[in-house]
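S.K.: Okay, here's what each chain looks like letter by letter:
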Amino acid sequence: MKSNTKHMARMWVSVVLSMALTGVLFAAGAKESVGLKQITLTIAGRDGAYGDSLQLAADEYQKLHPEVSFEILKLSGANLFEKTVIDLRSKTGTYDLILIDDPNAPQYQEVNWLADLDAMYAKKGLQVDSDFIKPALDLGRYPYNEKGTLFALPFAGNVELFAYRTDLFEKYGFGEPQTWTELLKAVKTIDAKEAGVDGVVFRGAKGNPIVTAFMPIFWAFGGKVLDEDGKVTINSPEGIKALKYFLEMAKYAPLGVTMYQSAQVRDALYGGTAAVVPEVWPGWIGNLENPQESHVVGKVKVTKHPGEVVKSSPMIGAWLVAIPESSKQHEAAFDFMLFLTGYEMQLAMSDAYGLPPSRSSVYKVESQRVKYPWYDAQLDALINSVARPRSIKWKEIEDILGGVLQVAIMGQMSAEQALASAQQSVEDMVR
Amino acid sequence: MHFRRNSFYYFLIAPSLLLMLWLTVYPVLNVLMLSFFDYNYIADVRLFIGFDNFKQIVSSKLFQDSFFNTLIFSLVATLFEVGLGLLLALVFDGEFFKKKQFMTLMIFPMMLSTMVVSAIFKTLYHQDIGLFNYLLTQLGLQPVGWLINPSCALSSIILVDIWQWTPFAFILLQASLQSIPQEIFEAARIDGTRYPQIVMRITIPILFGQIMLVAMLRTIDTFKLFGKVYALTQGGPGNATETLSTFIYREGFLISILGVLQRLLC
Numbered sequence: 039m040k041s042n043t044k045h046m047a048r049m050w051v052s053v054v055l056s057m058a059l060t061g062v063l064f065a066a067g068a069k070e071s072v073g074l075k076q077i078t079l080t081i082a083g084r085d086g087a088y089g090d091s092l093q094l095a096a097d098e099y100q101k102l103h104p105e106v107s108f109e110i111l112k113l114s115g116a117n118l119f120e121k122t123v124i125d126l127r128s129k130t131g132t133y134d135l136i137l138i139d140d141p142n143a144p145q146y147q148e149v150n151w152l153a154d155l156d157a158m159y160a161k162k163g164l165q166v167d168s169d170f171i172k173p174a175l176d177l178g179r180y181p182y183n184e185k186g187t188l189f190a191l192p193f194a195g196n197v198e199l200f201a202y203r204t205d206l207f208e209k210y211g212f213g214e215p216q217t218w219t220e221l222l223k224a225v226k227t228i229d230a231k232e233a234g235v236d237g238v239v240f241r242g243a244k245g246n247p248i249v250t251a252f253m254p255i256f257w258a259f260g261g262k263v264l265d266e267d268g269k270v271t272i273n274s275p276e277g278i279k280a281l282k283y284f285l286e287m288a289k290y291a292p293l294g295v296t297m298y299q300s301a302q303v304r305d306a307l308y309g310g311t312a313a314v315v316p317e318v319w320p321g322w323i324g325n326l327e328n329p330q331e332s333h334v335v336g337k338v339k340v341t342k343h344p345g346e347v348v349k350s351s352p353m354i355g356a357w358l359v360a361i362p363e364s365s366k367q368h369e370a371a372f373d374f375m376l377f378l379t380g381y382e383m384q385l386a387m388s389d390a391y392g393l394p395p396s397r398s399s400v401y402k403v404e405s406q407r408v409k410y411p412w413y414d415a416q417l418d419a420l421i422n423s424v425a426r427p428r429s430i431k432w433k434e435i436e437d438i439l440g441g442v443l444q445v446a447i448m449g450q451m452s453a454e455q456a457l458a459s460a461q462q463s464v465e466d467m468v469r
Numbered sequence: 004m005h006f007r008r009n010s011f012y013y014f015l016i017a018p019s020l021l022l023m024l025w026l027t028v029y030p031v032l033n034v035l036m037l038s039f040f041d042y043n044y045i046a047d048v049r050l051f052i053g054f055d056n057f058k059q060i061v062s063s064k065l066f067q068d069s070f071f072n073t074l075i076f077s078l079v080a081t082l083f084e085v086g087l088g089l090l091l092a093l094v095f096d097g098e099f100f101k102k103k104q105f106m107t108l109m110i111f112p113m114m115l116s117t118m119v120v121s122a123i124f125k126t127l128y129h130q131d132i133g134l135f136n137y138l139l140t141q142l143g144l145q146p147v148g149w150l151i152n153p154s155c156a157l158s159s160i161i162l163v164d165i166w167q168w169t170p171f172a173f174i175l176l177q178a179s180l181q182s183i184p185q186e187i188f189e190a191a192r193i194d195g196t197r198y199p200q201i202v203m204r205i206t207i208p209i210l211f212g213q214i215m216l217v218a219m220l221r222t223i224d225t226f227k228l229f230g231k232v233y234a235l236t237q238g239g240p241g242n243a244t245e246t247l248s249t250f251i252y253r254e255g256f257l258i259s260i261l262g263v264l265q266r267l268l269c
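For the protein sequence lines, the chains are A and B, in the order given.
With this note's numbering applied, the first sequence corresponds to residues 39 to 469, in that order.
With this note's numbering applied, the second sequence corresponds to residues 4 to 269, in that order.
FYI, nobody ran anything at the bench for these hints, they're computed from the structure.
Here are the computed distance ranges between Cβ atoms for each label pair:
#1 A:V348 x B:L134: 44 to 50 Å
#2 B:S182 x A:G86: 52 to 58 Å
#3 B:R49 x A:K269: 23 to 29 Å
#4 B:F226 x A:K101: 52 to 58 Å
#5 B:L20 x A:D85: 40 to 46 Å
#6 A:K269 x B:L24: 47 to 53 Å
#7 B:I52 x A:T217: 46 to 52 Å
#8 A:R469 x B:F226: 29 to 35 Å
#9 A:N328 x B:F51: 57 to 63 Å
#10 B:T140 x A:D267: 53 to 59 Å
#11 B:M36 x A:R469: 19 to 25 Å
#12 B:I52 x A:E220: 48 to 54 Å
#13 B:P18 x A:E382: 57 to 63 Å
#14 A:G234 x B:S182: 58 to 64 Å
Derived BS3-like pairs (lysine-lysine); straight-line CA-CA distance at most 27 Å:
#15 B:K64 x A:K279
#16 B:K58 x A:K269
#17 B:K64 x A:K269
#18 A:K433 x A:K129
#19 B:K64 x A:K282
#20 B:K64 x A:K433
#21 A:K185 x A:K349
None of these values were measured; they are calculated from a predicted model.
Don't be surprised by glycine CBs; every beta carbon is placed ideally from N, CA and C.
With the hints as constraints, model all of the structure from the sequences given.
M.R.: See below:
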């Protein structure tokens with residue numbers, strides 16, 4: 039009986055001690071978590087090199103700030119747009135940072151879904167770094183001018199470039215084309231005289247591809263999709279001249295160019311069957327100088343587009359990073375945003391994944407210029423770049439224009455008919 | 004009285020019934036309602052515009068082309084698939100060398116995914132390196148722009164669908180054919196009826212119901228054509244291979260997040 043009581047007492051002591059110990063441990067743990075407030079930043083990002091770059095930046099940031107962890111969604115462009123629109127509209131605040139394709143930016147900016155970065159810079163006593171390439175930085179402003187409020191920073195300075203075969207141009211006595219008219223002479227000659235080589239190869243599939251191929255010509259000839267007041271000006275004498283030129287140039291493109299997407303254009307460029315590729319993107323040309331992948335090592339020059347009545351007008355296609363107004367962690371998100379778009383990370387992402395930098399200083403780093411020989415041209419193109427119209431209806435406009443351009447290339451409409459039709463359809467749609 | 008007697012059972016199924024209505028009927032009604040509005044999802048602005056959305060769609064050249072192409076595709080593909088399927092079913096009704104092996108081979112295309120089939124045919128149809136154009140040039144003929152010529156792009160896609168889905172018609176019709184009592188055919192043969200007459204007067208009339216069923220299933224499926232067009236031509240060249248499904252995809256998913264989608268789904 040006595041031993042039984044002793045046993046019970048021992049049990050009670052053990053239970054009380056265990057409870058006390060547990061309490062102490064929890065208290066210590068709680069104290070620890072108060073000391074290091076854990077933050078998780080959720081980023082709605084892109085897949086591919088963009089996603090890898092984001093991950094690299096997140097990993098590096100976490101080394102410096104162990105209290106911050108990341109959840110990065112690596113989505114396709116369309117999926118990213120859809121997910122972010124649904125979330126931002128419902129103001130659930132799921133995402134702390136989002137990537138935005140620059141033509142989509144006005145849709146977010148117009149409805150005040152993005153946090154005001156000017157205010158955040160001011161709060162921190164900082165100023166926007168002048169190292170950002172201006173045309174890329176301005177895409178984040180709304181209204182789209184120098185004085186517009188900054189809602190996004192450029193994450194990737196993507197820009198459309200122009201490529202031509204230097205060996206063939208030299209062979210037939212042509213220098214680097216300064217105007218589209220000069221270029222056409224070279225295209226005609228090479229197409230006629232060089233067996234197995236097409237004068238020009240571009241993306242002719244309807245919609246975005248053919249529009250992207252056409253816009254640098256349209257702008258260089260003085261064409262404008264919308265004027266300063268938002269009035270539709272597609273069907274102008276300048277626009278018609280540009281389209282006539284485009285249709286003439288397309289005669290020297292391969293049969294079936296109306297079905298060409300980026301894969302076919304890249305094949306032609308790498309395979310040496312294209313004398314001129316008027317639309318290449320930095321992401322397409324990473325292996326151009328790799329003899330295992332390319333038949334044209336040392337034979338292709340990547341540069342900015344020729345001009346015509348207006349200077350060279352490459353299309354900018356930047357990816358922006360922004361903080362949703364509904365995010366509950368503006369301060370932490372802004373700190374990471376500055377890190378992500380800072381010089382060190384832009385250099386690291388360019389080096390590791392070929393991400394087109396949005397800072398001019400990165401283009402001047404010697405190691406990068408050796409690794410990416412077109413960096414001088416890319417910076418030049420970025421500085422000269424033209425943005426797609428800052429309209430919330432751009433996707434619809436692009437679809438209409440992309441449809442008529444292809445029909446015109448197929449010979450089913452003249453340049454005049456095509457642009458008149460586009461003008462009418464866009465006016466109807468905008469109305 | 005009847006209702007009152009069964010009220011307990013109605014009470015039991017009510018939750019699932021309500022859930023089903025909420026998940027099926029409500030979205031349809033909601034989409035129908037939205038189709039009468041000019042709805043800017045991003046700005047959350049709705050403006051009642053009556054039938055304007057429908058008028059705009061019907062008068063759109065792209066929609067008209069898409070509708071016409073879908074109709075042609077559905078009609079021609081179904082006709083050939085059912086016709087060839089029936090022919091094959093009749094051939095395989097007899098006995099011949101390695102019949103089982105041939106039968107396995109026949110149904111193979113149906114087992115492949117649409118994307119795989121499209122990838123195979125994209126290579127075969129290639130203007131410069133495709134097998135079809137190679138054979139044509141070997142015969143001294145001009146190469147054909149199978150997928151790049153607007154006048155034959157749709158036919159080329161129809162051909163792919165026929166290749167892939169004729170086995171479906173074949174399998175169903177062959178199974179039905181085997182279920183017909185053999186005595187009927189024996190009696191006909193004893194009466195001296197020739198084979199073509201047996202087919203026309205006995206086999207096809209008996210199989211008529213099954214033929215109609217297969218035709219209906221193929222019509223439904225071909226009307227929803229999307230994968231092959233997306234993988235082979237993306238609706239091009241021009242609007243030559245646009246179908247209703249690619250039209251809905253383009254308008255609803257690529258261009259606007261909601262936009263015109265409602266009026267297309269109604």
